[in-house]
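Visitor: Got two chains here, each in a separate frame; can you build the complex from them with the hints?
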Amino acid sequence: LAKTTQPISMDSYEGQEVNITCSHNNIATNDYITWYQQFPSQGPRFIIQGYKTKVTNEVASLFIPADRKSSTLSLPRVSLSDTAVYYCLVATYSGGYQKVTFGTGTKLQVIP
Amino acid sequence: EPEVTQTPSHQVTQMGQEVILRCVPISNHLYFYWYRQILGQKVEFLVSFYNNEISEKSEIFDDQFSVERPDGSNFTLKIRSTKLEDSAMYFCANRLRLATDTQYFGPGTRLTVL
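Line by line, the protein sequences are chains A and B. So that you can map any letter, position 74 of the first sequence is 144 in this note's numbering, and since no number is skipped, the others follow by simple counting. So that you can map any letter, position 27 of the second sequence is 48 in this note's numbering, and since no number is skipped, the others follow by simple counting.
Calculated directly from the structure, the hints in this document are not laboratory data. For glycine and all other residues, C-beta sits at the position ideal for the given N, C-alpha and C. Among the clues, some could well be false.
Claimed, not checked - What follows is a set of in silico ranges between Cβ atoms, one per label pair, in the way DEER data are often shown: (1) B:Thr133 with A:Arg115: 20 to 28 Å; (2) A:Ser164 with B:Leu135: 39 to 47 Å; (3) B:Gln85 with A:Gln112: 22 to 30 Å.
To be verified - Below, in silico cross-link-like pairs of lysine-lysine (DSSO-like), each with a Cα-Cα straight-line distance of 27 Å or less: (4) A:Lys169 with B:Lys99; (5) B:Lys63 with A:Lys177; (6) B:Lys99 with A:Lys122; (7) A:Lys177 with B:Lys99; (8) A:Lys169 with B:Lys63.
If we strip away everything but chain B, and leave its shape as in the complex, we get (with noise of 0.2 Å):
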C-alpha cells in the first residue's frame, strides 16, 4: 500500500532559524495538507494546497509560514523565524481526487526549537 513518507523524522533548531520539512506524498494525489500537533495536544489544521495554490489557512498559518512543491512531487513546509512554540509534531496529508477521498497522513516530524 503506498505512503505518505516525511523528512526528517526528528529536527532540533535553534530558535530564530529557518526550517523546511518535507514530505512526499502518495502517487496521483492531488490535495495536500499540513496539520500540527503540540505534545499532548489535538491535531491542528495548518493549511490546505492544491494546484499549486494555498486553498485553505488556518490562523495558526502566518507569514512566517509557507509551502510548495518545489519540483512537483515534494510538499515542503517552511518556517522562517522559528519560535519556542512552533515545537511540535508536522504531518503532512493528502488526497486522492474526489471530495469524499480520504486523507492519507504522513508519519510526522517532530520539531524541537531549542
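Only chain A is shown next, with the shape it has when bound in the complex (with noise of 0.2 Å):
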C-alpha cells in the first residue's frame, strides 16, 4: 500500500480557501486518492475521491498531477465547523476488493 503523508496541523481563518497537500510517492497505477473528514468521536466523513487531474464537487476540490505522487484537496471559505482531521488514502484495489489505510491526518484549525 502507498503511504501517505501530510502535515499533522494547519490553521486558517474562516472564510479563507485552505490547501491540504499530502504525498504518496509510491502510488500504483490502479489506486485511487481518498480524502475523509473527522470529528472528534465520530466516524470518518467521505469528502472526495479521484485518479488524476481535477475534480470538484460541492465541499471541496482535489487535484492530482499528472505524475499523481501528490494531491491537494482544497476547501473554499471555510467555516469554524471545517475544524476537524483531515485524511488523506490510497485507496488499493485488487479483484474486487478496496483496502485503505489511514495515516495520522491533518488536523485543521479555523479560527474566527
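Guide: In C-alpha cells form, the structure reads like this:
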C-alpha cells in the first residue's frame, strides 16, 4: 500500500481557502486518492475521491498532477465547522477488493 | 441519504467479558469492514468481509475477534475476552459494489474496558 504524508496540523481564518497537500510517492497505477473528514468521536466522512487531474464536488476540489505522486485537497471559504482532521488515503484495488490505510491526518483548526 | 448505524454508542465492560458490537449497513452494500481508533491515534483496519467470508484481516484481528452477519442485514464484531487495550472507538464501514465505490463509515461505538 502506498504510504501517505501530510502536514500534522494547519490553522486558517474563517472565509479563507485552505489547501492541504498530501504526498504518495509509491502510488500504483490502479490506486485512487480519497479524502475523509473526521470530527472528534465521530466516524470518518467521505469528502472526495479522484484518480487524476481535477475533481470538484459541492464541498471540495481535489487536484492531482500528472505524475499522481501528490494531491491537494482544496476547501473553499472555510468556516468554524470545518475544524476537523482530514485524512488523505490511497485506496488499493485488487479484484473486487479495496483496501485503505489511514495515516495520521491533518488537524485543521479554523480561527474566527 | 442512507446512513450506517451502530449500536451501542458506548459500551462499558469488565476485562475478560465478551462484547458484541452491532452495525446496520446501508442497504444493498456488499462489502463490510471494521476499523478501530484508540483515543488520539489513527484509524486502524481490522477486517473486511464479503459474501459471508472474511476477505482480509489485520494482525490486530486475532482469535479473540470474530465477525458475522447473523441475519443477512446486521454486521457484528465480537470480542471474546476483552482486554484493557481493546478500549477504543470501533467503526464499521460498508461499500456498495464496485472496487472504486466509497466506503461509508458509521458513527462508531466507544468501547471502554475496565
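Visitor: Against this structure, judge whether each hint is valid.
Guide: So, going through the hints one by one against the coordinates:
For Thr133 (chain B) and Arg115 (chain A), the Cβ-Cβ distance of about 24 Å falls inside the hinted range of 20 to 28 Å, so the restraint holds. The beta-carbon spacing between Ser164 (chain A) and Leu135 (chain B), approximately 40 Å, falls within the hinted interval of 39 to 47 Å. A hinted range of 22 to 30 Å for the beta carbons of Gln85 (chain B) and Gln112 (chain A) is consistent with their spacing of about 26 Å. The suggested pairing of Lys169 (chain A) with Lys99 (chain B) holds, with an alpha-carbon distance near 22 Å, which does not exceed 27 Å.
At roughly 12 Å between alpha-carbon atoms, Lys63 (chain B) and Lys177 (chain A) fall within 27 Å of each other, so this suggested pair holds. For the hint pairing Lys99 (chain B) with Lys122 (chain A), the CA-to-CA distance comes to about 39 Å; that exceeds 27 Å, so the pair is violated. Using a Cα cut-off of 27 Å, the hinted pair Lys177 (chain A) and Lys99 (chain B) is violated, with the two alpha carbons roughly 32 Å apart. The hinted pair formed by Lys169 (chain A) and Lys63 (chain B) meets the criterion: a straight-line CA distance of about 16 Å does not exceed 27 Å.
Hint compliance for this structure: hints 6, 7 are not met, and every other hint is.
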